[in-house]
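Engineer: Next come the chains, spelled out residue by residue.
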Amino acid sequence: MSNFMNHPYHLVDKSPWPLLSAFSVMSLVTGLAKWFHTFNVSLVAFSLFATTLIMIQWWRDVVREGTYQGLHTIQVGVGLRWGMILFITSEVLFFMSFFWAFFHSSLAPAVELGSSWPPAGIKPFNPFQIPLLNTAILLASGVTVTWSHHALMQNNYTQGLQGLVATVFLGLYFTSLQALEYYEAPFSIADAVYGSTFFVATGFHGLHVIIGTAFLLVCLIRHMFNHFSSTHHFGFEAAAWYWHFVDVVWLFLFISIYWWGN
Amino acid sequence: MASVLGKVVSRGISTTRVASGQAAVSGHQDGWKLWRKLTFLVALPGVALCMLNVYLGLDDVEAHSAPPFVPYDYMRIRNKRFPWGDGQKSLFHNPHVNALPSGYEHTDEHH
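Protein chains in written order, with my numbering: chain G, 1 to 262; chain H, 263 to 373.
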């Protein structure tokens with residue numbers, strides 16, 4: 001099939017992934033509700049597997065279209081940038097709802113909780129132990145991803161690789177430390193509204209760290225396959241934008257929930 | 263009005279990419295060196311200091327011990343069982359520091 005077109009836009013080929021992904025995420029959320037009500041995990045487990053496979057194949061196709069078929073012109077790139085910006089914006093609003101919930105409960109603590117925050121009986125984390133370390137780790141990872149980006153822009157393959165490896169490593173280090181914190185926590189998600197707000201907000205953040213780390217890992221692998229040029233590497237930029245967003249959300253979490261909320 | 267705003271923002275987005283392209287060509291050759299220096303002289307030492315701080319804080323028994331069990335009704339809520347195991351333990355349940363609604367499990371006595 002010829003790539004000839006006398007316009008700079010990408011009219012995509014027919015693909016099964018949009019419809020199939022709609023079915024798989026629908027069955028994923030249905031499966032989640034079924035699990036919580038009937039304690040049967042089969043539907044959610046199968047749907048998670050299917051959704052993962054579909055995501056891999058759809059994004060694989062986008063990489064093929066952009067990197068191998070040359071269909072990502074500057075105008076297509078503008079559209080992709082808008083898409084990523086709008087997506088990240090929607091995620092900002094998603095997190096704002098959890099911060100709203102946190103401040104709703106913590107600014108005027110209910111008399112039933114002892115009119116205090118943290119509620120009586122809850123022993124919060126010392127913010128200047130592992131949470132502070134996690135802050136340093138994410139800030140450092142923002143520096144390393146910038147190191148990698150500049151190296152990419154200057155066509156320095158090795159430095160680009162090193163920066164990206166450092167960033168992925170820091171992301172994994174953060175996730176392991178948070179998992180350790182979750183296990184060592186003297187309070188659970190079921191311990192008053194403190195536990196609910198803490199674990200829902202930090203839990204969704206942790207999920208986004210894992211997603212961001214996976215995105216960066218994909219960029220690392222693509223870099224090893226020489227997919228990025230010094231002027232054209234939007235996948236990398238999108239991953240870096242997402243990673244900075246994850247870092248900023250953590251800073252808000254650290255300051256409000258860990259520090260102010262202590 | 264809206265289209266003018268749209269054009270300005272779109273140009274802002276595409277010039278970001280063009281400007282980063284120019285960084286590859288003109289004076290700015292060693293931007294990565296600055297960020298690598300920041301990594302090894304500021305960022306990673308900062309992480310190391312925080313790691314040291316955590317290590318030094320591990321001895322604090324009070325900070326790492328289980329809180330005394332008080333049967334507050336807003337704690338250890340079990341309106342619906344957890345959808346795993348016996349439904350009484352949270353996902354990251356740690357018997358040393360997480361009490362069940364009836365109190366701490368008596369597996370071994372050193373908290």
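No lab work stands behind these hints: they were computed from the structure. Note that the structure is predicted; figures quoted are calculated from it, not measured. Glycine is no exception: its CB is placed at the ideal position from the N, C-alpha and C atoms. Possibly wrong hints are sitting among the right ones.
[As the list claims (entries may be wrong)] Short, incomplete list of chain G residues facing chain H, as computed with Cβ under 7 Å:
1. 136
2. 137
3. 140
4. 191
[Unchecked claim] The following residues of chain H were derived to be distant from chain G, with all beta-carbon distances above 10 Å:
5. 326
6. 365
7. 367
Engineer: Enumerate the violated hints, using their earlier numbering and listing them in ascending order.
Structural biologist: 5
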